[in-house]
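Chain by chain, the residues run as shown.
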Amino acid sequence: MSGLYVRWGVVAIVAVLLGLLAYGHYARNVATLTPEEVLAQRPHGVVRVTGLVRGGTLKGNLAAGRVRFTLAGQRQTLPVQYQGPRQENLRELKTLVVVGRWDRAARIFRAHDIASVSNYGFVLGAYLVSLVPLAFFLFAMERKAGLLYKEIKDSKLYEPEWSDDVVAR
Amino acid sequence: MNFFEVIRVVAWKDLLCEVRSRETISSMFFFALIVILVFSFSFSMDQQAAHELIAGILWVAFAFTGIIGLGKSFSAELQNDCLEYLQICPAPKGAIYLGKVAANLLFIVTAEVILFPMFVIFFNLDVVEDLPLLLLIFFLATLGLSTVGTLFSAMTVHIRAREVMLPILLLPLAVPVMIAAVEATRGALNGNPLALYRHWIDLLVVFDVVFTVVSFWLVDLILDS
Amino acid sequence: MLNAIIRKLQLYKGWIGAAGGLCLGVGLYFGLVASPPDYYQGEVVRIMYVHVPLAHTSLLGYTVLFLGSCWYLWTRDPVVDNLCHAAAGLSTFFTAVALITGSIWAKPTWNTWWTWDARLVSFAVLFLILVGYLMLRTFIDDPEREARYAAVLAIVGFVDLPIVHFSVEWWRTLHQPLSISMRGVSISREILTPLVLMGIGFSLLFAYMLIVRTQLLYLSSLLRAKKGRLLSQVHLAKVQP
Numbered sequence: 001m002s003g004l005y006v007r008w009g010v011v012a013i014v015a016v017l018l019g020l021l022a023y024g025h026y027a028r029n030v031a032t033l034t035p036e037e038v039l040a041q042r043p044h045g046v047v048r049v050t051g052l053v054r055g056g057t058l059k060g061n062l063a064a065g066r067v068r069f070t071l072a073g074q075r076q077t078l079p080v081q082y083q084g085p086r087q088e089n090l091r092e093l094k095t096l097v098v099v100g101r102w103d104r105a106a107r108i109f110r111a112h113d114i115a116s117v118s119n120y121g122f123v124l125g126a127y128l129v130s131l132v133p134l135a136f137f138l139f140a141m142e143r144k145a146g147l148l149y150k151e152i153k154d155s156k157l158y159e160p161e162w163s164d165d166v167v168a169r
Numbered sequence: 001m002n003f004f005e006v007i008r009v010v011a012w013k014d015l016l017c018e019v020r021s022r023e024t025i026s027s028m029f030f031f032a033l034i035v036i037l038v039f040s041f042s043f044s045m046d047q048q049a050a051h052e053l054i055a056g057i058l059w060v061a062f063a064f065t066g067i068i069g070l071g072k073s074f075s076a077e078l079q080n081d082c083l084e085y086l087q088i089c090p091a092p093k094g095a096i097y098l099g100k101v102a103a104n105l106l107f108i109v110t111a112e113v114i115l116f117p118m119f120v121i122f123f124n125l126d127v128v129e130d131l132p133l134l135l136l137i138f139f140l141a142t143l144g145l146s147t148v149g150t151l152f153s154a155m156t157v158h159i160r161a162r163e164v165m166l167p168i169l170l171l172p173l174a175v176p177v178m179i180a181a182v183e184a185t186r187g188a189l190n191g192n193p194l195a196l197y198r199h200w201i202d203l204l205v206v207f208d209v210v211f212t213v214v215s216f217w218l219v220d221l222i223l224d225s
Numbered sequence: 001m002l003n004a005i006i007r008k009l010q011l012y013k014g015w016i017g018a019a020g021g022l023c024l025g026v027g028l029y030f031g032l033v034a035s036p037p038d039y040y041q042g043e044v045v046r047i048m049y050v051h052v053p054l055a056h057t058s059l060l061g062y063t064v065l066f067l068g069s070c071w072y073l074w075t076r077d078p079v080v081d082n083l084c085h086a087a088a089g090l091s092t093f094f095t096a097v098a099l100i101t102g103s104i105w106a107k108p109t110w111n112t113w114w115t116w117d118a119r120l121v122s123f124a125v126l127f128l129i130l131v132g133y134l135m136l137r138t139f140i141d142d143p144e145r146e147a148r149y150a151a152v153l154a155i156v157g158f159v160d161l162p163i164v165h166f167s168v169e170w171w172r173t174l175h176q177p178l179s180i181s182m183r184g185v186s187i188s189r190e191i192l193t194p195l196v197l198m199g200i201g202f203s204l205l206f207a208y209m210l211i212v213r214t215q216l217l218y219l220s221s222l223l224r225a226k227k228g229r230l231l232s233q234v235h236l237a238k239v240q241p
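From first to last, the protein sequence lines stand for chains A, B and C. In terms of the working numbering, the first sequence opens at residue 1 and continues consecutively. In terms of the working numbering, the second sequence opens at residue 1 and continues consecutively. In terms of the working numbering, the third sequence opens at residue 1 and continues consecutively.
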């Protein structure tokens, strides 16, 4: 029985480690801020911001890859200056993820990359819903098998039934 | 006693019991009236909406009414050990099954024929032109419910949670019957040309044939002691 | 002869389970890391690598249930009855998870949690039939009758499922409130590899779980019978003068 717990303990630890790895990947490459958060936190370093490109604010030379626009959040907006390769999905009224740095001095977000909004939540939910119950099911089944085996050994299922004094009578 | 005599005798026995006690038909009838009442409260319907929904409401009422009748067909046999006598009697079990199906069919169709004018009155429908076709649809759909329902009624009569297991087992399997019956009834009530809903009636016929044959084969295993 | 094959097969259940786990692991790697996102659906298409194999495995389990029920009615072997019970339990689990993952996939792609589509409704009906089967087994006390009735229910249900699918499909082409295009995922080799791997993995895992659960059911019924006999003997021994 202890072998069973060791096995599944290892599986659980591996799963937790993979989860931490995945979370690290997510935090670095997928997680985004809102414009309100950028304006409030004024982060250093490269961050990703999700917002809606406000209609009528996209100005500049799209072909040369230098544009300015306003990225709108729920309540506040963020001025963005994008400088980078030409992006096809940079259009007005589209929800985008802009990757770049917050320039404190000029109070403008300098973006060098545009990405589309990802919806990892659904994928994560679906995989968790299918794999975690499967693991529990397997664990419960093997545990029951172990307990049953122990009970069969204890009840001496395969030894003779009749006790000696009953036979002698 | 040959095969068809057994069917006739079993159906006649059920009919006689029913005529004397009238318990199945009356309980089905009043239950259906209550369903009509509940539906009329649940949906506040004007004429247009009633026209859309009436086929569905009709068949929901008929399905649950039929389940009551089907449940009673074998649970009435529990008194005086009649079920054990049915199980050990030397007649072919398939014939007993078909006799029960015939009796159930008769009861449920009678209930439907009595209830349909009630629906017309309470929901203020227009007069229907194509009555024989409507009766055919009622007959075929009820036959579908009865074949599988009688088999499951024989199965569930021994079970603890008898009354609730029959709908749980029957209704998922009767989904094609319900869909086809509702669509065909809607077509007939609206006066659509037959070609539009002809395939639903064909589906009902196919369902009836397939499940009468399958249940007939399998009932030997159920009505065994 | 079939019995001999099955008895031989169960010796390798550990290997089957391990192979299933391996296939799943490799399939997960391919599905989550090594395959590209779909052009239209984006990352969400990765749910397909879990949902479709689960659905296929639940249908496989249902077929095993049907064949096992026919086999039981042919030979009346109680171990085959345990196989049917195990297959039903596993199929219920896989169907439920398939329905939930399908719903989670539908929300970002079709913007609705549920739709009255032929496949979804057939799966819901399948789930209800299986739950009814398990309830029937729980509520009958006599084991021989339970086995017989459950086998009959499995056969009737299996015959009915294609009819349900077709009738709902006809019904859906009649009323189309939402014009939803079917999941048009272009099948390329990168998409096929994880799909096939996960499918094989889940099927092998299903086989492993089936063998283990059948053994569990068989041994616990054996234990119960033995305990019953032991108890009755102890009682008799005490009652005798």
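In case anyone wonders, no lab produced these hints; they're calculated from the structure. It cannot be assumed that every hint is accurate.
Straight-line Cα separation of at most 16 Å, EDC-like style, residue types lysine to aspartate or glutamate; simulated pairs [claimed, not checked]:
1) K93/B with E163/B
2) K226/C with E142/A
3) K107/C with D117/C
4) K59/A with D103/A
5) K93/B with D202/B
6) K93/B with D224/B
7) K72/B with E23/B
8) K13/C with E142/A
9) K227/C with D154/A
10) K226/C with E92/A
11) K227/C with E92/A
12) K13/B with E23/B
13) K72/B with E5/B
14) K107/C with E146/C
Legend entry - Satisfaction of hint between E163/B and K93/B, Cα-Cα up to 16 Å: 24 Å, violated
Legend entry - Restraint check for K93/B with D202/B, where alpha carbons must lie at most 16 Å apart: With Cα atoms ~29 Å apart, K93/B and D202/B exceed 16 Å; violated.
Legend entry - 16 Å Cα cutoff - pair K13/C, E142/A: 12 Å, holds
Inset, instruction - With a cut-off of 16 Å on the C-alpha distance, tell me whether K13/B and E23/B pass. - result: 15 Å, holds
Inset, instruction - Sort out whether E23/B lies within 16 Å of K72/B, counting only the CA atoms. - result: Holds, because 9 Å separates the two Cα atoms, which is no more than 16 Å.
Legend entry - Restraint status (C-alpha distance of K107/C to D117/C at most 16 Å): 14 Å, holds
Inset, instruction - Would you mind confirming whether the straight-line C-alpha gap from K107/C to E146/C stays at or under 16 Å? - result: 41 Å, violated
Legend entry - Given hint D103/A paired with K59/A - CA-CA distance at most 16 Å: 19 Å, violated
Inset, instruction - Sort out whether D224/B lies within 16 Å of K93/B, counting only the CA atoms. - result: Between K93/B and D224/B the Cα gap is close to 9 Å, so the pair holds against 16 Å.
Inset, instruction - Decide if the proposed pair is consistent with the structure: K72/B and E5/B, CA atoms, cutoff 16 Å inclusive. - result: Status violated; Cα separation ~23 Å.
Inset, instruction - Verify the proposed pairing of K226/C with E142/A, using a straight-line Cα cut of 16 Å. - result: 22 Å, violated
Legend entry - Pairwise hint evaluation, E92/A against K227/C, where the allowed Cα distance is 16 Å at most: Between K227/C and E92/A the Cα gap is close to 76 Å, so the pair fails against 16 Å, i.e. violated.
Checked against the numbered hints given earlier, this structure breaks hints 1, 2, 4, 5, 10, 11, 13 and 14; the rest are met.
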